[in-house]
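**Student:** One letter stands for each residue in the lines below.
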Amino acid sequence: MKRVAIIGAGSTKHRERSPEQSYREMIFEAARMAYKDAGISHKEVESFVTCAEDFTEGYSIADEYTPDQLGAVLKPMQTVPGDFIQGLATAYMMIQSGLFRIVAVEAHSKYSNIKTPNEVAAFAFDPVYNRPLGFNPHFVAGLEMNRYLNDTGATATQCAAVVVKNRKNALKNPLAAYGAELKISDIEGSEEISWPLRKADVSERADGSVVMVVADADAARSLSKRPVWINGLGWASDTPGLETREWGRAVYAELAAKMAYRMASIKDPAKEIDVVEVDDEYSYKELQHLEALSICEKGTAGKLILEGKIAPNTSGGSLGMGHLLEASGAARTYEVLMQLRGDAGERQLKKADAGLAQSWRGVPTTTGAVIILGNS
Amino acid sequence: MRRVAIVGAGITKFVRRAQETGKELSFEATKMALDSCGLTLKDIDMVTLGTAPDAFDGVHMKGEWLSDGAGAWRKPYMRNFVGGGTGVFAPIHGFFHVASGMADTCMVVCEEKMSSCYPHPQGAFKTIFDHTLEQPLNPTLIWIFALEMNRYMNTYGLTKKDIAGVSVKNKRNALDHPSAQIPENITVEDVLNSETLAWPVNRLDISPASDGAAAVILCSEEKAKKITDRPVWISGVGWNIDTAYWATKDLSYPRYVEKAARQAYEMAGIKEPHKEIQVAEPYDPFSYKELHHMEGLLLCKKGEAARMLADGVTERTGNLPTCPSGGALGVGNPIAATGLMKIIEIFLQLRGEAGKRQVPGNPRVGLAQAWGDLMQVGTVVVMKS
Amino acid sequence: MVLEKFELKGTGLKSQAVKDGSVLTMPCNPKLQYSWDTGQAVGRYLDGLKEGKLIGKKCGGCNRIMIPPRMFCELCFKDTGDWVELEDTGKVNTFSICHVNWDASRLPQGALPHLPAVIEIDGASEGMGILHVLGEADPKEIKIGMKVKAVWKTANERAGAITDIRYFKPLR
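Protein chains in written order, with the numbering used here: chain U, 4 to 379; chain A, 4 to 388; chain V, 21 to 192.
Excised from the complex, chain U in its bound form:
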């Protein structure tokens, strides 16, 4: 197989609102940063991928509005209605086929423009079996959290520790929207959304856009001083049905990790991976995902985090940076990239040669992806 690298990245600040920018202007900003970072012009990008869903864009065919702000007019451009890491996987396969050398991948959120977000989220439920219940969509996370805590012995306090850690980390991240110094009691004292899930366990949403440029080894070496190599990729979907899933486990993350580890020849992820960025749309998800990724033993993630023995999500995660819809996996990948390049500023880890980013597509899906990046 060829080697494929990420050679450039751009990210706007994640913000609660972005009223002075249209989605086009916001994406253009990120794309321009990414191309500059890669040392290329838009003309050198051979193909483009945007990760977006119609109803979060508010268009029936969101694909129409993808090309202009990426410089993709009259180029091969596609939408992956999926997470950013799935978009990276698509770019990876295109380059691996030998037909393309340089591909750009984009994802964004203009969440602040959605005035009925719970209606949109609930519109993803099975129209006959589940939607007529009319529940707030977070109830699915409540069901899952309850079962996860029950099966593993993890506690709500441990989940609260995730929130405290991530929002604190975000204070050191200039891209983050929700940095804060909080106490565990602040989380445990916040209102119940769908017991055992509390308001502070749920990441707030943000607006923002992330673009990355992916290239084959030849282009990467000639264009970039600091290519970061894609050593592993995995993605998987478990059942979409609420009635047929294993509520305590993140099976999709287990499968995606297995695929990515095999590809990257990783035997002992806890030892071999220095930088870990996992999906934390809900606090308990960070714990469940860390275990699914074999970063720690099942049922131990919460304890290890509470005791400060592991410290994933230096970026602040979605809890600290703001959830960016399909670009959330992009924000995770972006942090791994910055850490591996030594560009993480105050957050910089001493040893950062191999990293992992993981995404989940949110309620009610059971789809997730994993990417393993390396400096070699």
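Simulated from the structure, these hints should not be mistaken for laboratory data. Glycine included, each C-beta is placed from N, C-alpha and C at the ideal position. Heads up, some of the hints might be wrong.
[Stated by the list, open to error] Below, computed lysine-lysine pairings styled on DSS-like, alpha-carbon distance capped at 27 Å: (1) A/Lys163 / V/Lys163; (2) U/Lys312 / U/Lys171; (3) U/Lys118 / V/Lys51; (4) V/Lys163 / A/Lys164; (5) U/Lys39 / V/Lys98.
[Stated by the list, open to error] Just so you have them, the derived chain V footprint on chain U, three or more residues with Cβ under 8 Å: (6) 18–26; (7) 64–74; (8) 110–120; (9) 126–135.
[To be verified] Chain A is faced by these chain U residues, among others (derived, beta-carbon under 7 Å): (10) Met4; (11) Asp57; (12) Phe58; (13) Leu77; (14) Pro79; (15) Gln81; (16) Gln99; (17) Asp241; (18) Thr242; (19) Pro243; (20) Cys299; (21) Thr303; (22) Thr368.
Could you slot chains A and V onto chain U? The hints should help.
**Tutor:** Only chains A and V this time, still in chain U's reference frame:
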């Protein structure tokens, strides 16, 4: 590069309103594709699904909802989307799964259940227009087709009569397709006398709204040779998108289709498409679109497709048969499934298995094409036996 | 494989079966609401419409004068330059005579057809059109290439929307 073959196919009937859910339609097409080549789901490494707007099925993130119907349970699974061009893009997305070496087998499924959008799927199209500058004018989808068709006719001096023959040919061809929704023997006069919806577009110039699904199985060369002695190879792929500012470009010619076609031809080593392509399935959601697309595909010179139609060149017995399946106009138009139906038609034609629809002369090279978004996207697959 | 040898699935229902309830359906009328950030370029365009003006923007790279205006040129991929006030006249690039509503229902008998058109705006670069509608026009007399002029709402009625132009009428 690894060669990629199509080894099996499945399709449902195309109907105005299916009793089956979108998941069930996906399942039926997927199951038939497996049965057609003697595989089971265990043999499938990865799955990609193409389906057009969520607004049709009325489910947000409908790729997720459809996943188990498409056989994706606990597999690497993604959805791909380029508007109406999706049906021919889905096998391109699948192609990269296999050509990259990530998968040896990839299931490609396309589904559309337009009838869920009530009272009429046209309603879903209002929100394809720019939300700030166009939607306040209450546009309908038919506007842009009418605007483009008028510009096309005006540029090349064509009349509605010159174009109506596409509907006649395709609806007649569809009489031989077992999935067909509206096969019919009609005349040019019938088309011209049918109700005017948005001049110059009449009722019989338009493909229907439909429910349906289709699937194909893609394999590496090594696998394909174990499964079938008649693989059909994906020899060229191309896709292209033009600006979203659709009103600022020349509507008389689909330059994005030309770009997509050139990409596919270069990969397939095709130098003179009008001579080398032996059977074609250009996308025909509206009658003029088949002609427009033949020109973009470089199967004839600009403005000359209508002459080929009139001369019978594009009949099944002609030198360059187009839409021998019956096309979207005759078989029906469940958007993404239609594109894959066209891929399946070329697959069968190149294997000599198209039954009554078979074009003579043992064709060895064919293409399928779809189109989408706001007069914007071209997707092309060149196939060889 | 030959399609004819398979028993193809897919059960067609008559609309009547849904209407009379012999086949059950699960209705859903979602309230999906959005409020768009217009951004700098379109925001200024809308301000212009409120003032009764059409405003474009020029790209210093390719020298195109673009409508609707944009902060970046999608071809040169760089910031655009000066704002340019355009004429409120133009020529018809293409048009249609439409007898159906946006939801595919037919206009009432005797109603005037809708007249959507792409109008190339004077002062913008060749071929730069916008979608709008024609009015005060006999459908039989509309021609491609015909000169037209905007008919504006009164200043009090204008809200900063594309509908601040009621329609474009033929210039005689």
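**Student:** Would you mind marking each hint as holding or not holding in the structure?
**Tutor:** Results of checking the hints against the structure:
Among the hinted pairs, lysine 163 of chain A with lysine 163 of chain V is consistent with the structure: their alpha-carbon atoms are about 16 Å apart, no more than 27 Å. About 16 Å separates the Cα atoms of lysine 312 of chain U and lysine 171 of chain U, which keeps this hinted pair within 27 Å; it holds. For a cut-off of 27 Å, the pair hint linking lysine 118 of chain U to lysine 51 of chain V stands: about 9 Å separates their Cα positions. Restraint check: the Cα-Cα separation between lysine 163 of chain V and lysine 164 of chain A comes to about 19 Å, which is no more than 27 Å; the hinted pair holds.
Taking the CA atoms of lysine 39 of chain U and lysine 98 of chain V, the gap is about 12 Å. The hint holds against a cut of 27 Å. Beta-carbon proximity to chain V at under 8 Å applies to 6 residues in the region 18–26 of chain U; the threshold of 3 is reached and the given coverage holds. With 4 residues having a beta carbon nearer than 8 Å to a beta carbon of chain V, the region 64–74 of chain U meets the requirement of three or more and the stated coverage holds. Under a criterion of three residues with beta carbons nearer than 8 Å to beta carbons of chain V, the stated coverage of the region 110–120 of chain U is upheld, 6 such residues being counted.
Requiring three or more residues with a Cβ within less than 8 Å of a Cβ of chain V, the coverage given for the region 126–135 of chain U holds, as 5 such residues are present. Hint on methionine 4 of chain U holds. Least Cβ distance to chain A is approximately 6 Å, under the 7 Å limit. Below 7 Å, beta-carbon pairs count as interface contacts, and aspartate 57 of chain U has one with chain A at about 5 Å; its hint therefore holds. Among the interface hints, the one on phenylalanine 58 of chain U holds; its C-beta lies about 4 Å from the nearest C-beta in chain A, closer than the 7 Å criterion.
Contact between leucine 77 of chain U and chain A, as hinted, is supported at the beta carbon level, the nearest pair being about 6 Å apart and thus within 7 Å. The criterion of a C-beta within 7 Å of any C-beta in chain A is met by proline 79 of chain U, whose closest approach is roughly 5 Å, and the hint holds. Evaluation of the glutamine 81 of chain U hint against chain A yields a held restraint, the C-beta minimum of about 5 Å falling below 7 Å. Interface restraint check: glutamine 99 of chain U against chain A, minimum CB-CB distance 4 Å, threshold 7 Å, status holds.
A least Cβ separation of about 6 Å between aspartate 241 of chain U and chain A falls short of the 7 Å threshold, and the interface hint therefore holds. Look at threonine 242 of chain U: its Cβ gets to within about 6 Å of chain A, closer than 7 Å, so that hint holds up. Taken as an interface hint, proline 243 of chain U checks out: its beta carbon lies about 5 Å from the nearest beta carbon of chain A, inside 7 Å. For cysteine 299 of chain U, the interface hint is violated, since its Cβ never comes within 7 Å of a Cβ in chain A; the closest pair sits about 23 Å apart.
At a threshold of 7 Å, the smallest CB-CB gap from threonine 303 of chain U to chain A is about 25 Å, leaving the interface hint violated. The criterion of a C-beta within 7 Å of any C-beta in chain A is met by threonine 368 of chain U, whose closest approach is roughly 5 Å, and the hint holds.
Figure legend: structure checked against the earlier numbered hints; hints not met, in rising order: 20 and 21.
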